Every structure is written in structure tokens, then in C-alpha cells.
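Asker: Here are the chains, one letter per residue:
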Amino acid sequence: MLENSDFRIEEPDLSSKYDVDLIRRFLSPLGFNFDASAVDYSIILYNLNDDIVGVGSFQGKVLKYLAVAPHFRETGAFAHIATYLTERVMMEHQQAFVFTKPENISRFVGLGYHHIASAEPLIAVLEFGYSNITKYCEYLKSIKKLNILGRTAAIVMNCNPFTLGHQYLVEKAADENELVYLFVVEEDKSTFSFVDRWNMIQAGVQHLSNVIMVKGGEYMVSEATFPNYFLKNESQDLVTQKQAELDITIFCKYIAPVLNINTRYVGTECYCSTTEQYNNALKHLLPKYDIELYEVTRKSIQLNDCKEWVSASKVREALAKGDTNRMEQFLPETTIQYLQNGLQERVKEKLEVCQLRH
Amino acid sequence: MELKIKAQAGSFESSDVLIMVEPQPTGVGRKIELESIVMQQFGDDLLNQIHRDLDALGIDDIRVIINDKGALPPTISARLETALKRSAGLQAGTLT
Numbered sequence: 001m002l003e004n005s006d007f008r009i010e011e012p013d014l015s016s017k018y019d020v021d022l023i024r025r026f027l028s029p030l031g032f033n034f035d036a037s038a039v040d041y042s043i044i045l046y047n048l049n050d051d052i053v054g055v056g057s058f059q060g061k062v063l064k065y066l067a068v069a070p071h072f073r074e075t076g077a078f079a080h081i082a083t084y085l086t087e088r089v090m091m092e093h094q095q096a097f098v099f100t101k102p103e104n105i106s107r108f109v110g111l112g113y114h115h116i117a118s119a120e121p122l123i124a125v126l127e128f129g130y131s132n133i134t135k136y137c138e139y140l141k142s143i144k145k146l147n148i149l150g151r152t153a154a155i156v157m158n159c160n161p162f163t164l165g166h167q168y169l170v171e172k173a174a175d176e177n178e179l180v181y182l183f184v185v186e187e188d189k190s191t192f193s194f195v196d197r198w199n200m201i202q203a204g205v206q207h208l209s210n211v212i213m214v215k216g217g218e219y220m221v222s223e224a225t226f227p228n229y230f231l232k233n234e235s236q237d238l239v240t241q242k243q244a245e246l247d248i249t250i251f252c253k254y255i256a257p258v259l260n261i262n263t264r265y266v267g268t269e270c271y272c273s274t275t276e277q278y279n280n281a282l283k284h285l286l287p288k289y290d291i292e293l294y295e296v297t298r299k300s301i302q303l304n305d306c307k308e309w310v311s312a313s314k315v316r317e318a319l320a321k322g323d324t325n326r327m328e329q330f331l332p333e334t335t336i337q338y339l340q341n342g343l344q345e346r347v348k349e350k351l352e353v354c355q356l357r358h
Numbered sequence: 001m002e003l004k005i006k007a008q009a010g011s012f013e014s015s016d017v018l019i020m021v022e023p024q025p026t027g028v029g030r031k032i033e034l035e036s037i038v039m040q041q042f043g044d045d046l047l048n049q050i051h052r053d054l055d056a057l058g059i060d061d062i063r064v065i066i067n068d069k070g071a072l073p074p075t076i077s078a079r080l081e082t083a084l085k086r087s088a089g090l091q092a093g094t095l096t
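From first to last, the protein sequence lines are chains X and A. At position 172 of the first sequence (counting the first as 1) the number is 172 in UniProt numbering, and the numbers step up by one without a gap. At position 30 of the second sequence (counting the first as 1) the number is 30 in UniProt numbering, and the numbers step up by one without a gap.
What the hints contain is simulated information worked out from the structure, not anything from laboratory work. All values reported here derive from a predicted model rather than from experimental measurement. Treat each hint with caution, since some may be false.
Simulated crosslink set (SDA-like; lysine to any residue; CA at most 25 angstroms straight-line) [what the hints assert, rightly or not]: (1) X:61 / X:115; (2) A:6 / X:93; (3) X:141 / A:30; (4) X:144 / X:132; (5) X:215 / A:95; (6) A:31 / X:254.
Going by beta-carbon spacing under 7 angstroms, a handful of chain X positions derived as facing chain A [to be verified]: (7) 76; (8) 82; (9) 112.
Simulated coverage check for chain A against chain X, where a stretch passes if three residues somewhere in it have a Cβ under 8 angstroms from a Cβ of chain X [as the list claims (entries may be wrong)]: (10) 29-35; (11) 60-73.
Where a beta carbon is used, it is the ideal one built from N, C-alpha and C, also for glycine.
Pulled out of the complex, with its shape left as it was, chain X reads as follows:
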């Protein structure tokens, strides 16, 4: 490009060890631990003497590993890399995200990125693009039910798949509140696709007239896109905790006020430590925003004289093994029916592939 003739962009081949090493050697002294498997695409910016000026990558819609050598920080190199990557991301997505340390917020704000939330002192998230959190709040306003005087609850669910436990939690919230907003995690990183999960939930809650289903959008539990590479010196536990804080802060700061949410329901967690940490973070943060947390004891069922907790992972396990009887013990009639309509085979194939990979 003529307008940037001082710099030249090259696309390294991420399958080549040499190219990956090149990036790694550049990033290592700057405090980054480059992981080529955690990016989809990278660029290297050279000057005309073939010195590496900076690098940048992205995975999905998240920009990663943006760094410029100290010597070139006075130049437009950083903006150059960010422009190029943002444009690339925007070819396929409506927006681009950046996770960075709070001290670097100003660098991205200076480019035009918008700061969404921070979990001090480790993480901040910013976004840029056609779609943004204001647009998501407009969506929320469009589905908001007006003239609600009583308590309004929120539940966030992935439902992979929708079990009796999920149904129990929703029913309990619907019983205790005037209105329940049921957020369905939109990210497609689960065995069941968003559309399948949405349909299963819809079928499973249709008898509850005060439940409104809401698309989780980009802002509810975006765990899978969250990169923790720039926090290599922090303990994994702390990172997970900060990640949860970030998520909850977005919920409290943007989503809850729009829908006048004053309670949030979660099920108790006894299997997954990440979810448990998430629930602990909820306990700390929600009171600061005047939102009450209700932790509902997980539903259990009686199986051969012993009590067993209902869990979606047990369902997936049984499904993978083809143990239909065990699986159906955990599922409401609506999910069973949905699964029988041809979906089951598709998911089973997917599960088998997943197991091969591990």
C-alpha cells in the first residue's frame, strides 16, 4: 500500500515452525507467550530494512497478541496493525473484541475501540464495529415487558441439553417472581447448537407464561473466546475468577438496568469448578449492584434407591454411550421428543468425534 510505504505487512504461515518461532521470539521479550494453536491468523509488520516492527493475530472475532517493538512505538505501527486486523475480522463478523490489561485501555480507546468493562487489576474488554453493546441493549428494550411491578429475575443458561434440572430452576424462578428473563448462551461451542438448545428450552418452558427467552448475544458468558495468554504469570484460578467478574460486571452494568432485573437465579454446582467459581463471584458482585442472588439446590432424582443429581454432562455421557434409558431419566418429555426428531443421531456423531479428539 502506497500510503504506508514505510511498513510492509506479511502473513506468516502458522503451520510452519520457522514462522511461528519468528513470532514467538519477537513476543517473548515483550511478555507474551505465543500459542499458534490459539489464533486463526497472524501478521508480521516489517519496515524497509526487514526489521520486525510489530505483530498481531486474531482468533474468531478477538484480536490477540498485538505488540509493537519499543523502538517503533512512536510511529503509527500499532494503528496500522490494528486497522489491518480489524478490517479482516470485520469481513466475517459484525464486531471485533480486544481483551487487554486495564493499563492498555487507552491505547485501544485511542484507536476508536469502546471500553465495555474491566475486572481490575487484570483484564479489560473493548469492542469495535457495526454491532456493539448499545445495539444489544436496544434488542433487550425491544423484548422488554413493560409495567412490571413485582420482582424480575434473570437466569443464564447454556442447556446442553435442557434437563429436568434446568426446568426445575426455571419453574422455581417463575413461581417466585412476576417475570423471568431466561438468557440462552448464544455461543456455539457446545455439543448442541444454539438453535437446538433454544428450541429445546422453548418447548420445555412453554407452560410458564411469565418466562421470556432472551438471546445471550456476545455478552453473556463468552468464556470460549476469552484469551488468558497475556496473563501467563497469574494463577489459573485468579484468571478464571477475573473472567467471571468481567462477565458479571457486564451483566450488572448494562443488562440488568435495561430490564430492571433485581434477582438472579443459579443452580448449586457440585461438578464443575469453573461454574463454582462463577457462582462465588456472583455472590460477591451482585449485592454491589442491588441484585439478589438465589442459589437453588440442584435437583436430584431417585435412581435405584440412591439419590443422583441431574446434570447435563451425565446426559451427554449417556448419549455418547447410547444408553437411552439412563439419559431419559434426566430429561423432560419435551427434550426427549425433540431429541427423537432426528437430532439424536447428529449429536451422537458429534460426541463421538469429540471423544476421539481427547
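Fit chain A to the given chain X structure using the hints.
Answerer: Leaving out everything else, chain A in the frame of chain X:
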């Protein structure tokens, strides 16, 4: 000019402007989201200029996102024109 896809032109660099355009259904009108580091001094001028340029090209239904880092008026017009041509498929982007 008929806009077909979302497109962008320009950069985040200082003295440049990044313009993103998105086609809108007929009758929606122009949605212009302007951000500039010289908003206070030239915000209205910028907006007028964008409207004039869109008038000249006969575009009524569009969403324009402008992220200005103090670009001069000719730069802004050029970036807008390029973004529009890319959107209409009349000109290829720099990324292939």
C-alpha cells in the same frame, strides 16, 4: 449507486479516518454515527459534508460509522467514496 455489502475504508491512524458503511433497507434513512477527536470544533461541518457527499451519490438508506482521527475534508470524502464503492462492488478492497 446500489449498496450490496458492508464495507470499510481508511485506518485508525492519526490524521486519517475509518469509515464503515452498511446497506439499510429502503426507507430506513441515513444513520450516521460520527466520532471524531475534533468533534467540538468540526463535528457539524463533518456531518454536513457526509450528507452532501451522500446526496451527490444519491444514497438515502445507509448506516455510516465514522471514526475520525482528524482527517482533512478531502480525505474524508475520498474514504467515504471508497467505502461506498467497495460496498457497491465497484471497487475491490485492499484485502483479498
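Asker: State for each hint whether it applies.
Answerer: For each hint, the structure was consulted:
Note on residue 61 of chain X and residue 115 of chain X: the hinted pairing holds, with a Cα-Cα distance of about 16 angstroms set against a maximum of 25 angstroms. With a C-alpha separation of about 10 angstroms, the suggested pair residue 6 of chain A and residue 93 of chain X falls inside the 25 angstroms cut-off, and the hint holds. Taken as a hint, the residue 141 of chain X and residue 30 of chain A pair is honoured in the structure, with Cα atoms around 22 angstroms apart against an allowance of 25 angstroms. Our distance criterion of 25 angstroms between C-alpha atoms is met by residue 144 of chain X and residue 132 of chain X, whose separation comes to about 19 angstroms.
Taking the CA atoms of residue 215 of chain X and residue 95 of chain A, the gap is near 32 angstroms; set against the 25 angstroms cutoff, the hint is violated. Taking the CA atoms of residue 31 of chain A and residue 254 of chain X, the gap is near 23 angstroms; set against the 25 angstroms cutoff, the hint holds. Below 7 angstroms, beta-carbon pairs count as interface contacts, and residue 76 of chain X has one with chain A at about 4 angstroms; its hint therefore holds. Because the closest C-beta pair between residue 82 of chain X and chain A is about 5 angstroms apart, less than 7 angstroms, the hint holds.
Hint on residue 112 of chain X holds. Least Cβ distance to chain A is approximately 4 angstroms, under the 7 angstroms limit. Only residues whose C-beta sits within less than 8 angstroms of a C-beta in chain X count toward coverage, and the stretch 29-35 of chain A has 1 of them, not enough to reach three; the restraint is violated. Note: the stretch 60-73 of chain A has 4 residues with beta-carbon separation from chain X under 8 angstroms; the three-residue rule is met and the coverage holds.
Checked against the numbered hints above, the structure breaks hints 5, 10 and satisfies the rest.
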